[in-house]
Amino acid sequence: MKKSCAAFSFLFMSFSLYGSDLNELLEVYKKQSDLSNVTKQESAGDLTLFTRDMLEKMQARNLEDILKTVPGIYTYRSANNLTFITPPTLLRIPLTSARLYINDHDMTSTSFGSAFLIWGKMPIEYIDHIEVYKTSSSIEFGNETAVLVIKLYTKQATRDSGNKLRVVADHKGSLDFNTYSSDILDNGFSYFVYANGSDTKREPYYNTYQSKEYTFKSDYENYELYADLRYKSSQLEIGTVHNRSDSFVGIGIHKTPTDGELDANHFYAHFTQNFDYDIKLELAYDNLEYERTYVDPNGIRISNPMNPPSGRGVIKDYTIAFEDEVYSAILEKRLRYGKHFLLLGAFYKHKEMTQNGHFDTIETPKVNNGLNLYSVYAEEQYDFNPTTRFVFMAKGDFYRYDKVVDSADESVVRAGVIKNFGDFHFKVFYTDTYMPNSFYMLYNPTNIPYKSNPHLKHIDVDSLSGSVEYIQEKWDAKLFLASNNVHNSITYKRGYANSSKTMHSERFELSGHYRFDTKNTLFGSFFSADNGTDVLKSPKYGATLRMDNTVGKADIYNEVLYTSSYTDSQSKIYLPSTFNWTFAWKYHYSKDFSFGLRGENLLDKSCNVAYRDYDTPIPSFDRKLWVNLEYLF
Amino acid sequence: MKNVLLIALLSFTLLFGSKIETEKKIYDTIIHAVLPNYETVRLWSDSKVLLEELGSLRGIQVVNDVHDADIAIVTKRSDLKCDCLLFVTSYPLLKRYKNRAIGGFFWQKGRPNILFLQPNLQKNGIELPPSMRQFVEDDF
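Here the protein sequences line up with chains A and B, keeping their order. Under the working numbering, the first residue of the first sequence carries the number 191, and numbering increases by one thereafter. Under the working numbering, the first residue of the second sequence carries the number 776, and numbering increases by one thereafter.
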């Protein structure tokens, strides 16, 4: 009876207020229309979603600001100033296990099999929303295999026609400038054009060796252009980026760098044509160039077969350059019939890698190799009844190299069920997949500066994952569990080789939201992992607490990232627990002009990393205060 | 108190309502604000989806011929001729019908916008309620 009265009162209230405040309705409509509602794929993995509203409240500047808040993984700075990610207890996951997409374009390089060299700190002002899928098979995304998929969706002219300027600066002298322009033209064409220039200054650290001081610098610069042109069912995207970053600790024996940097360029073009009958064709081209230098007067150890019997050498000046080209064609067809949803797809990629180097007096010649990768895949989703969906996916990948490297035929299989019981939502998936090898590990005839292995097998991964979610009007809670077995993992000991050991790991994550109302939300998560050994190379426990509020015209964002203390098994260095607190405040002076502040690592206790042969852990994130100005016109 | 009730209503709408329901409420508010004295408003649109959505609203009657309509909501057509009120759903259409449309509901600058054009409201003798005057502009 009480419930009926409440429902009646609510209906009455609804009618009395119906249409009374268009602004509030628009606000609700904006949230309901979030593009993530269209793009997210519940069956693709354990999803962490960053909606546009969240990104704007966070005043996030680059991808690293987002990745570090993803529950279940840690983001940290590698010894050579790259953005790396790892699950609890491990040092890092293989570079090729994570793939980064901007819309449907795979940003991965050929040589390294990772996009993080160039795109790890990419600016995100032109990004509408971000989806991070863990324990994914990635088949749904119709591209190469990965267990962690990061999908970034750009803003579109249909929603963002207009212009924007955004300037962000910090107290250390960093400056980040973003602008975009977008419109729908009378002739049916629409465009979105974006430009970014950023110069980021980071806290230097120092090392003293034989009474001389050396500086670890990790500043970086980024210059990016992106353009999206659409007409009816056709879309052409063009992107180009140039970035430069210091080499930080470097790879020297005593960690005494005097110079070093990564200088990288990436250009890509991606054409998509949607035909009738749900057929999609994508054609893409990538060109990447990067040059890595390290200078360490006290020695850098490299592989050198011309120096028997050790097969190793010590140099002071290290330069290696890569050039990649990738040509891709992807064809997909979607079918819906009755309770079935079927995706059929195939792609062909031709990848070229060219490399050469300069190591003190040793010049390695330009060498190159190519890969033809063929793939066919299918996904079937069957709605057994309104509350039960079965999912089955299969994929075959066929690797054919131009020379030397062994061919490989691989398969990926994923099966699962999604079931709703009232307010409970269950998901269970079994995935049998693999991680592609980086090209540089497979082919390098000079074997300088590392010894490659053309017979290297792919890393095989099988995982069982499940989650249960309980959703109420005001709150929700989710428990996620995963168990993984890794076979043929790759080690480096005087050359790349597969390990015969099977590595088993388990991880869990408990998370939940509490919604005070539409504008005020609290999110918390607690996660851990076990790698089946006593080895600890990153914290065993982590937690995230996030709160976003709107008070009048101001958005307030708070985030605390916790990592537990541990003793690094490799260096035996003790690393205390950390609390990385970020606070952001944004004031909307008008609909078009806003300004804000973002304080990062305010407690100066961010995640520390112990680097090999350096006895002091270094925080991955600086204590910084950013000022943010945004203007729409 | 009113704000608290409104927030409660909107929370409910956001969590359990759909985008279509909210869109209907927005159009319903707009239509009855520009035609306040009509018990039943005759509506025409070039979008079948919109007609199906809005046709279920109380006080709205869908018509097949634009010449029978009190208000037309235009989503695509750029050559519409009628004596009824014209309301559009995209910014390019608002530019196209700049001299005739009373306003539009469209996405721009990353957010949904409602805009009424004062000269065209005046031409049609429309006086919007005070709470909606914030959406009125002389030009755009």
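Do not rely on the hints blindly, as some may be mistaken.
Stated by the list, open to error - Cut-off 27 Å, straight-line C-alpha distance, at most; resulting in silico cross-link-like pairs (DSS-like, lysine-lysine): (1) B:LYS794 - A:LYS743; (2) A:LYS422 - A:LYS221; (3) B:LYS856 - A:LYS221.
Claimed, not checked - Sample of chain A residues with no beta-carbon within 12 Å of chain B, all distances over it, derived: (4) LEU216; (5) GLN346; (6) PHE465; (7) HIS540.
Stated by the list, open to error - Going by beta-carbon spacing under 8 Å, a handful of chain A positions derived as facing chain B: (8) VAL218; (9) LYS220; (10) SER223; (11) LYS230; (12) ASP350.
Don't read these hints as lab results, they were simulated from the structure. None of these values were measured; they are calculated from a predicted model. Cβ coordinates follow ideal geometry from the N, Cα and C atoms, glycine included.
Hint check:
1. Taken as a hint, the LYS794 (chain B) and LYS743 (chain A) pair is honoured in the structure, with Cα atoms around 24 Å apart against an allowance of 27 Å.
2. For the hint pairing LYS422 (chain A) with LYS221 (chain A), the CA-to-CA distance comes to about 26 Å; that is within 27 Å, so the pair holds.
3. With a C-alpha separation of about 35 Å, the suggested pair LYS856 (chain B) and LYS221 (chain A) falls outside the 27 Å cut-off, and the hint is violated.
4. The beta carbon of LEU216 (chain A) sits about 5 Å from the closest Cβ of chain B, which is not more than 12 Å, so the claim that it is off the interface is violated.
5. With a minimum CB-CB distance of about 9 Å to chain B, GLN346 (chain A) fails to clear the 12 Å threshold, and the non-interface call is violated.
6. Interface exclusion of PHE465 (chain A) from chain B stands, the closest Cβ pair being 21 Å apart, more than 12 Å.
7. With a closest Cβ-Cβ approach of about 38 Å to chain B, HIS540 (chain A) is found to remain outside the 12 Å limit, as its non-interface label requires.
8. Look at VAL218 (chain A): its Cβ gets to within about 5 Å of chain B, closer than 8 Å, so that hint holds up.
9. For LYS220 (chain A), the interface hint holds, the least distance from its beta-carbon to any beta-carbon of chain B being 6 Å, beneath 8 Å.
10. The interface hint given for SER223 (chain A) is met, as the beta carbon of that residue sits about 6 Å from the closest beta carbon of chain B, less than 8 Å.
11. Taking 8 Å as the C-beta contact cut-off toward chain B, the hint placing LYS230 (chain A) at the interface is violated, the least distance being around 15 Å.
12. With a cut of 8 Å, the hint placing ASP350 (chain A) at the interface with chain B holds, because the nearest CB-to-CB distance is about 5 Å.
The structure shown violates the earlier hints numbered 3, 4, 5, 11.
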